[in-house]
Amino acid sequence: MRNRTLTTITVVLAAGALALSACSSSKKNTNGGGLGGGSSANNGGTNQTYKIGFVGALSGPNAQLGINERNGATLAIDQANASGKYKFKIALNAQDSEGDPAKAPAAATALISDPTVVAVIGPAFSGESKAVNPSFCQASPPMPTVTASASNAELQNQGNKCWHRIIPNDNVEGSQGADWLARTGAKKVYVLSDLSAYGAGVAGTMAKELKAKGVSVVSSGVDGTTTKNYNPIAGTIAASGTDALFYGGYDAQSALLAKALVAAGYKGRTVTGNGGKSSVFTTGAGKAGNGWYFTCGCQDATIAPTAKEFTAAYTAKFNTPPSTYSPEAFDAANLLMDAISKASASGTATRTSVLDALNKEDFTGITTQIKFQANGEVQSSSLIVNLFQEKSGAIKGLGNIKELN
Amino acid sequence: MNTATRATLRRLAACLLGGFVLALMVGRQEGSLNDFGISFHQAVVGPRIFVFLLIGLVIFVMVTFWPRVVPYLTRPGVAPLGAGLLAVLAAQTVMNWYDPLVSSTGNGKFSGVRTAANASPNLSSVSVAFFGWLAWTLVIAALVACAAAIVTRVRVFGYVTAAIGIVGAVLAYVAHSAVVDLDGGIDHSLGVYADIVGFLLLACAGITAVHARAEVADTRGFLRKVMGYRPGLPIAALGVILGLLAFSTAGWFGALQINDTLAQAHSDFDGTGISSLALNYLGWLGWTLFGAAAVLSLAATYLRNRMLAWVSLILSVVGVVLTFLTLRSMTDIGAQVAPQFGGTWKNLGAGGFLACIVFSLFAAATAMVISSTSAGVRRNVRAKAPTDELPVTSMVKGFRRSSNAMPLLIIGGALALFYPPTLTLTWQNVLVGQIGVFVLLAVGLNVVVGWAGLLDLGYIAFYEIGSYTTAYLVGALPVKPPSWLQMSPLVSIPFAILACLIAGVLLGAPTLRLRGDYLAIVTLGFGEIIQILAVNNPGGFTGGPQGPTVPHPRIHLGGINITWGQDNLPYWYLLLIMLIVVIVLFYRLEGSRLGRAWAAIREDEVAAQASGVNTTRVKLLAFAIGASTSALAGSFFATQVGYFDPSLFTLQASILIVAYVVFGGMGSLQGAIAGAAVLTWLPQFLKAQVPQDDRQMWIGALVLAMMIFRPAGLLPAKRRKAELEGLDAAASSETAAVPRAGAM
Amino acid sequence: MSQSENWVQQLPQNIIIGLEQGSVYSLIALGYTLVYGVLQLINFAHSEVFMAGGFGSYLVVNGIVGHRHMTGVMVPLTVLCGVLSGALTGAAIAWLLEKVAYKTLRRSGAPKLAFLISAIGASLFLSNLAGKLFNRLPNNAFPTYFDINHQLFKIGNAKVTLIEVIIVGSAVVMMIFLDRLVNRTKLGRGIRAVAEDAPTAALMGIDIDKTISRTFVIGGALAGAAGFMFGTAFGVSNLMGFTPGVKAFAAAVLGGIGNIRGAMIGGLILGQAEVLIAALPFVGAQWNDVISFVVLVLILLVRPTGILGERLGRAA
Amino acid sequence: MTATSQATQDVVFDVDHVTLRFGGVVSLNDVTLQMYRGEILAVIGPNGAGKTSLFNSLTGVYTPQEGTVTVAGRAGDAPVSVIGKKTHVVNHLGVARTFQNIRLFPALTALENVKVGIETRQKSGPIAAMLGMPWQRREEKESTATALALLNDVGLPGRGNELAGALAYGEQRRLEIARALGTNPGVLLLDEPAAGTNPVEKRDLAELISRINRERGVSILLIEHDMKLVMSIAHRIIVLNFGEKIAEGTPQEIQRDPVVVAAYLGTSAEDAQQQAEQAPELTLIDTDTVQDEEQADD
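Residue numbers (the numbering used here), protein chains in the order written: chain A, 1 to 405; chain B, 1 to 744; chain C, 1 to 316; chain D, 1 to 298.
By construction, these hints were calculated from the structure, which means they are not laboratory data.
Ideal placement from N, C-alpha and C gives every residue a C-beta, glycine not left out.
One or more of the hints may lead you astray.
[Stated by the list, open to error] Derived EDC-like pairs (lysine to aspartate or glutamate); straight-line CA-CA distance at most 20 Å:
1) A:Lys161 x B:Asp567
2) A:Lys317 x B:Asp35
3) A:Lys317 x A:Asp78
4) A:Lys308 x A:Asp78
5) C:Lys99 x C:Asp207
6) A:Lys287 x C:Asp147
7) A:Lys208 x A:Asp243
8) C:Lys112 x C:Asp209
9) A:Lys187 x A:Glu209
10) A:Lys187 x A:Asp243
11) B:Lys346 x A:Asp114
12) C:Lys103 x C:Asp207
13) B:Lys687 x A:Asp114
14) A:Lys188 x C:Glu5
15) D:Lys85 x B:Glu605
16) A:Lys208 x A:Asp179
17) D:Lys86 x B:Asp567
18) A:Lys85 x A:Asp338
19) C:Lys112 x B:Asp604
20) D:Lys85 x D:Asp16
21) A:Lys402 x A:Asp114
22) C:Lys186 x C:Asp209
23) A:Lys161 x A:Asp362
24) D:Lys86 x B:Asp181
25) B:Lys480 x A:Glu154
26) C:Lys112 x B:Glu605
[Stated by the list, open to error] Which bits of chain C does chain B cover? Going by a derived footprint, with three or more residues having C-beta under 8 Å, they are:
27) 236-250
28) 287-295
Generate coordinates for the entire structure from the input sequences, incorporating the hints supplied.
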């Protein structure tokens with residue numbers, strides 16, 4: 001009996017507490033000046049604070065990619081706030097999705113229901129994008145989003161009007177890379193994927209395009225999250241008689257693969273996509289990384305000096321060099337701040353006005369020129385895929401992949 | 001050095017080590033590639049480490065001197081003191097005080113309000129002081145005074161404590177309303193109410209400490225006396241208090257930042273073409289209904305009159321129905337006026353739902369009267385022939401005998417129905433996509449792990465099979481089903497269940513002769529294989545790592561048209577139906593011969609066989625039933641989330657579900673539900689408490705601590721709990737806990 | 001050249017790679033098996049002990065080597081330091097783990113699965129604490145203090161590199177050491193006695209608590225050393241433990257959990273299976289885990305208690 | 001001593017030249033015996049004589065390498081071989097057993113323990129249980145009633161809701177018998193039912209066993225070390241030593257059999273005969289600290 005009574009009381013108390021919480025305070029907001037928090041979205045002025053949201057993995061197995069992006073965005077925002085470039089302050093509301101399509105909706109709704117968030121960077125991955133893009137775009141008013149990393153080639157076709165992407169999708173990178181490989185004499189190419197959504201997507205396109213161009217292809221996959229020992233697959237690749245390898249995957253795994261390939265004595269060209277192009281690759285692979293090619297829809301840091309400044313500032317702030325998608329997120333944040341400032345020129349920026357401004361943007365970032373098409377992709381003229389190569393620990397730009405031989 | 005000193009030193013070392021580890025855990029520091037040890041240095045080099053070592057030292061001192069405190073712990077007043085302190089601490093550290101601040105600066109907790117209040121010139125000085133220093137001072141003063149009261153039993157200390165408690169409660173209310181008055185906005189925060197309850201409990205502690213005559217407190221006895229005085233009366237009283245709040249101050253209708261109370265809603269909706277019933281409800285009918293139900297249920301519970309109770313029960317049900325009709329017509333009007341801000345059932349405040357909860361409380365109170373008066377009759381009968389009617393299982397016994405079961409069900413049901421609409425969008429999402437789905441999964445796995453005692457580390461595979469079956473049948477996969485087979489998501493559920501049944505039997509049949517850990521590794525392998533199959537996309541069936549996009553469900557049945565979309569609430573009610581059905585079915589199953597056979601093979605497989613239990617069949621049934629529950633969850637999940645990919649179905653997820661079941665209390669249905677609910681709630685809760693990057697670390701630490709301090713789980717099965725207690729007595733030597741090797 | 005000819009040609013090389021991989025699995029599996037032997041429990045946090053060993057040795061090796069290039073006698077010395085520091089870290093973490101996550105539960109007579117959950121909690125905690133303290137990159141390469149791919153000699157057309165010799169060599173040394181320890185020493189007798197029948201062992205004056213604690217320490221040291229070897233070859237990361245941990249657990253079960261020689265054999269078989277299958281023609285590396293697990297399941301269906309059967313006490 | 005239940009010549013167990021080996025150890029060597037319907041047959045022998053191995057061979061736990069074992073569990077059944085049959089199938093043939101080291105389901109109540117045994121012969125499935133079908137409810141009621149009656153019968157009235165693990169040792173023994181009886185056996189195999197019980201409990205137990213045999217007509221095969229108990233209730237005794245049957249006969253015959261006494265005392269048959277004549281009521285062996293044969297067999 002005792003326990004039961006106690007349970008009853010607990011339940012009753014809990015019910016009371018829950019219900020009390022529900023008893024929302026309901027006063028109408030009659031005062032203009034307040035705590036400086038609650039109503040700030042409604043008053044203009046120089047101390048206005050807007051928030052940019054971020055959805056991506058900050059914990060869990062894919063956390064590093066999300067953290068890279070969040071750091072990039074944080075850097076951009078801190079720089080802008082410190083410089084006093086804008087009349088308003090910007091804050092970042094980062095929500096952890098664990099990179100999980102099932103958990104991303106909670107993160108997304110947290111941003112949607114925060115009235116001070118006027119735009120969102122992300123979602124970082126393609127999977128979670130598919131899960132939450134409709135929530136962002138069907139919210140009233142729709143939330144403008146700019147993804148700096150979700151490269152799946154179906155996202156632009158899902159009819160989400162609030163969605164934008166500042167990187168080329170898997171198809172673009174894959175097909176131009178395939179074109180280059182075929183043009184420069186590859187007869188048989190080994191296409192390896194890390195079995196992630198990104199890696200499988202870009203590798204799949206690559207294999208398809210190569211076959212279309214008459215190049216023979218050997219396709220395989222190695223799970224990037226569980227595999228550390230690339231020696232067996234490197235041996236297979238070395239013995240496959242291919243004259244080039246394309247790896248669809250991320251930087252840390254590419255570095256391991258590079259080492260294993262050297263050990264196995266692979267002689268062919270080695271190419272990977274944007275996911276592999278970072279200092280994590282160069283430091284991780286060491287000498288073995290020499291000569292690797294990267295296809296990337298981004299500008300060459302030697303041409304764009306701002307990129308160098310970015311690298312220096314990032315390294316100084318986070319004590320680690322920028323990694324995959326950090327520069328893209330940096331660009332996305334700057335782009336959104338620019339859009340917010342344009343939207344706030346004629347009063348208070350709202351999601352609607354920021355979305356309008358975003359659609360009209362013509363912005364030069366450190367990675368690319370950003371001007372959106374109607375479907376949210378960057379205009380094809382700016383979808384230049386550049387080829388990069390690592391030379392003794394540094395990644396050097398070789399130029400537009402279409403013009404290279 | 002004698003053993004006592006050595007033990008003390010060891011404890012000191014452990015406490016200091018704990019402080020050290022805490023220093024590593026707390027803080028913003030993050031490691032980096034360039035300087036590997038940077039965060040380690042930041043964490044332990046410099047003065048901050050001493051703070052943490054000091055914490056360790058304080059814990060050491062507390063543990064060491066604990067025996068001296070123990071004699072006082074049984075004194076009257078300690079229990080309310082502890083509860084009050086806990087409530088106040090929770091309120092002033094982790095709970096939200098003002099929701100609008102959460103969205104604007106990311107911290108709506110007590111400390112956040114303090115920062116905002118300090119910067120605000122328009123706030124009354126008392127409120128600023130309360131948030132600034134007064135609240136904590138009051139807590140400490142109350143603690144000191146109450147401790148003095150408990151130890152010395154001098155009356156004045158008790159009165160001082162009571163005074164401080166009451167002042168604290170009043171000030172908390174005043175300060176919070178001052179903040180809300182100043183800034184407005186929609187606020188659903190809990191903090192102030194927890195704080196008030198805490199302060200009032202502190203006040204009670206003071207009074208109890210000096211007034212109780214007993215040397216040893218009998219908290220449970222006291223509570224029993226209160227609750228047993230007039231069954232249902234406390235619940236009815238709670239209903240009255242909440243009802244007054246609901247009908248006077250709570251918001252009923254709000255778009256964006258404006259929230260109408262009942263009276264304001266009446267004036268706002270007057271003349272808008274709202275139905276006359278709704279207008280009357282807003283005007284006088286609501287109040288009248290509430291008043292009548294309140295008076296009747298109070299009278300019924302006090303007088304224990306069945307007649308009055310029935311009338312009040314009916315009135316309460318009518319109240320719920322009328323409230324709903326009113327809410328509906330309010331939102332219909334709202335949808336006409338401002339379609340961009342939503343339609344039917346949108347923009348409702350908490351008031352209406354709170355009113356429904358209030359009416360449900362009255363119903364529960366009167367149900368208690370009804371069942372207690374009839375239970376009295378039955379109890380007399382039982383007293384004469386104690387062995388006459390023996391219940392099916394001890395759990396069933398407890399449930400049937402309890403006259404509280406009905407009211408508890410009513411309250412629980414009311415909360416499940418009416419509380420979720422008042423949650424924020426994020427929490428609604430967590431409730432559906434995380435808590436609800438995983439509760440369903442845990443309930444299913446509980447059959448396999450908890451009841452039948454088979455360790456299944458590949459349970460997620462069935463979830464996956466269920467999800468993909470639904471995706472296939474709705475045509476979301478690259479390989480389309482023949483057109484006659486293509487169906488809508490909800491219709492595919494039975495097929496998903498069938499697919500999982502087959503998969504469960506296919507897995508189970510060859511492997512079930514393996515014991516314990518061998519079965520674990522085989523099921524683990526099965527889970528991995530299914531996941532890799534989905535990733536590798538054989539024959540282009542699954543679509544590979546990119547996963548399918550599944551349409552949301554809709555029902556077109558005759559005149560009924562229900563469409564689910566982005567909004568989470570409708571999914572919640574769909575899921576609630578599924579959950580209730582599954583739980584009721586499983587509850588019956590547990591008490592059936594199959595449930596007992598499962599328990600038998602879990603306890604002793606050899607003896608079960610010798611008693612004629614066909615262990616293979618029984619185990620297969622466990623696998624099949626567990627798998628089909630998983631299919632239900634998977635099917636629901638696929639259509640609710642709208643998109644999924646194979647990365648969701650990893651081994652880690654399987655292990656987590658096992659953790660939910662065991663964490664909640666192995667072998668108990670309530671335990672599995674509670675475990676899953678708590679462990680899926682926790683990550684979201686921690687988002688507001690610790691850096692997001694560190695959440696999993698804290699979850700790990702909390703799970704570890706929980707298992708250490710409560711190894712049987714949150715709500716252990718009754719039978720299992722008894723078994724544990726039996727072991728405790730025998731566990732004088734350490735070896736008792738070493739499990740026997742299963743002799744076959 | 002056809003793919004199957006390729007496979008045959010690569011076979012010797014792959015066997016050597018598999019031996020390297022299998023040695024690491026064996027070392028981790030030994031920890032699972034030892035603990036299982038004395039407690040009949042799967043120590044799910046064992047993979048984090050492995051991870052801790054990797055990070056511990058990383059810090060030490062990094063401290064010794066820095067950006068210099070090692071030559072001559074310094075190379076074996078550094079390796080020795082790495083093995084020792086890895087083993088020490090692993091042993092320390094395993095010891096703490098036993099004290100915190102297991103001993104308290106044993107005292108309260110918790111059901112068997114409660115240990116599993118506390119271990120999962122500890123595992124989550126440790127891997128994320130390491131992520132916070134160091135970093136969350138998928139791998140951090142050790143400083144190149146020697147050329148790990150330096151070719152020592154050739155067997156047929158198969159190259160044998162320095163790292164392979166180091167890993168296989170130290171694994172063999174440690175396994176022999178362990179086998180001796182369990183079979184020849186007083187501690188070993190204690191472990192076997194506890195594994196055989198804990199209550200009787202207690203009656204015969206064996207301190208059960210101490211024996212269990214030491215078993216954890218031994219298993220932890222082996223896993224920690226394995227962490228160093230793995231880290232040298234493939235880099236360290238806060239999540240590095242999970243996959244090898246699962247594989248090693250599978251290996252321990254394959255050999256017959258609780259059986260020391262079984263764990264060694266199981267690890268080696270699993271290592272070979274993985275590498276050889278990954279190289280199989282017309283299959284593709286992505287099917288590697290599927291085939292490994294199918295093989296595991298088939299073996300268990302034929303021999304339900306693993307290849308060598310259970311019993312730490314007997315078969316050792 | 002009078003055999004109150006008529007020991008007919010209807011054979012329950014027919015064990016024919018059974019040999020059981022574990023590796024090199026011969027546990028049963030060419031054992032042949034018959035058990036008749038309605039009798040109480042005791043199997044005695046020193047530790048390691050193969051008594052429990054015999055039990056396990058009769059119930060399908062072990063599969064002998066040579067020989068045949070057939071059973072006609074309930075009266076009127078045709079003899080069926082148990083070799084290679086699963087334990088639960090053998091149970092369904094009307095053979096129930098208890099264990100030397102009590103093997104109840106400790107976390108279930110006493111009532112539930114008995115019901116587990118009863119319900120293995122019921123028909124209703126999980127779906128009926130989930131939907132609460134009327135026939136399932138009827139079966140549930142029946143099994144509860146039967147279980148309560150059985151609990152009363154073995155002397156545990158009103159203890160149904162106590163956890164089996166919380167019962168006293170002697171009570172657990174009785175509960176195990178009740179659970180075995182729940183499966184409606186024709187023959188009941190009792191493995192040292194009196195081990196660890198005190199003299200009063202032993203007397204009650206002997207009375208209970210006789211009563212079960214008498215009133216329910218259940219044949220009983222008994223392994224027991226306590227000679228007093230065996231002699232007082234067994235109709236017939238078989239003696240095993242080193243896996244071989246060395247003697248068979250009525251209690252009186254066995255008590256005087258020099259081979260048996262020699263086997264127990266380890267002396268020559270002549271000496272033993274002499275002793276036996278001097279002290280006819282000799283208790284052959286102490287019952288305490290019995291090595292668990294089953295564990296040793298692992």
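Structure-based check of each hint:
Distance check on the hinted pair: lysine 161 of chain A and aspartate 567 of chain B sit about 19 Å apart at the alpha-carbon level, within 20 Å; holds. Under the criterion of a C-alpha separation no larger than 20 Å, the hint pairing lysine 317 of chain A with aspartate 35 of chain B is consistent with the structure, at around 13 Å. Annotation: proposed proximity of lysine 317 of chain A to aspartate 78 of chain A holds, straight-line Cα distance about 10 Å (limit 20 Å). Proximity of lysine 308 of chain A to aspartate 78 of chain A is assessed by CA-CA distance (about 18 Å); at most 20 Å being required, the pair is judged to hold.
Distance hint between lysine 99 of chain C and aspartate 207 of chain C is fulfilled; the C-alpha atoms sit about 15 Å from each other, no more than 20 Å. The hinted pair formed by lysine 287 of chain A and aspartate 147 of chain C meets the criterion: a straight-line CA distance of about 11 Å does not exceed 20 Å. Straight-line distance between C-alpha atoms of lysine 208 of chain A and aspartate 243 of chain A comes to about 17 Å, which keeps the hinted pair within the 20 Å bound. Only pairs whose Cα atoms come within 20 Å are accepted, and lysine 112 of chain C paired with aspartate 209 of chain C is accepted, the gap being roughly 17 Å.
Of the pairs offered as hints, the one joining lysine 187 of chain A and glutamate 209 of chain A holds, with about 13 Å between alpha carbons and a cut-off of 20 Å not exceeded. Between lysine 187 of chain A and aspartate 243 of chain A, the direct Cα distance comes to roughly 7 Å. Compliance with the 20 Å bound is thereby established for this hinted pair. Proximity of lysine 346 of chain B to aspartate 114 of chain A is assessed by CA-CA distance (about 17 Å); at most 20 Å being required, the pair is judged to hold. At most 20 Å may separate the alpha-carbon atoms for a hinted pair to count; lysine 103 of chain C and aspartate 207 of chain C meet this at roughly 14 Å.
Proximity of lysine 687 of chain B to aspartate 114 of chain A is assessed by CA-CA distance (about 15 Å); at most 20 Å being required, the pair is judged to hold. Simply put, lysine 188 of chain A and glutamate 5 of chain C have alpha-carbon atoms about 18 Å apart, close enough for the 20 Å limit, and the pair holds. At most 20 Å may separate the alpha-carbon atoms for a hinted pair to count; lysine 85 of chain D and glutamate 605 of chain B meet this at roughly 17 Å. For the proposed pair lysine 208 of chain A and aspartate 179 of chain A, the alpha carbon gap of about 11 Å is at most 20 Å, so the pair holds.
For a cut-off of 20 Å, the pair hint linking lysine 86 of chain D to aspartate 567 of chain B is broken: about 55 Å separates their Cα positions. A hinted pair counts as satisfied when its Cα atoms are at most 20 Å apart, and lysine 85 of chain A with aspartate 338 of chain A qualifies at roughly 10 Å. At most 20 Å may separate the alpha-carbon atoms for a hinted pair to count; lysine 112 of chain C and aspartate 604 of chain B meet this at roughly 15 Å. For a cut-off of 20 Å, the pair hint linking lysine 85 of chain D to aspartate 16 of chain D stands: about 17 Å separates their Cα positions.
Pair hint lysine 402 of chain A plus aspartate 114 of chain A does not hold up; C-alpha atoms about 44 Å apart against a cutoff of 20 Å. Between lysine 186 of chain C and aspartate 209 of chain C the alpha-carbon distance is near 15 Å, which keeps this suggested pair within the 20 Å criterion. With a C-alpha separation of about 18 Å, the suggested pair lysine 161 of chain A and aspartate 362 of chain A falls inside the 20 Å cut-off, and the hint holds. For a cut-off of 20 Å, the pair hint linking lysine 86 of chain D to aspartate 181 of chain B is broken: about 76 Å separates their Cα positions.
Between lysine 480 of chain B and glutamate 154 of chain A the CA atoms are separated by roughly 18 Å; this keeps the pair inside 20 Å, and the hint holds. For the proposed pair lysine 112 of chain C and glutamate 605 of chain B, the alpha carbon gap of about 16 Å is at most 20 Å, so the pair holds. Check result for the stretch 236-250 of chain C against chain B: holds, 4 residues qualifying (beta carbon to beta carbon below 8 Å, three or more required). Coverage of the stretch 287-295 of chain C by chain B holds [criterion: at least 3 residues with CB-CB distance below 8 Å; count 5].
Violated hints for the displayed structure, listed by number in ascending order: 17, 21, 24.
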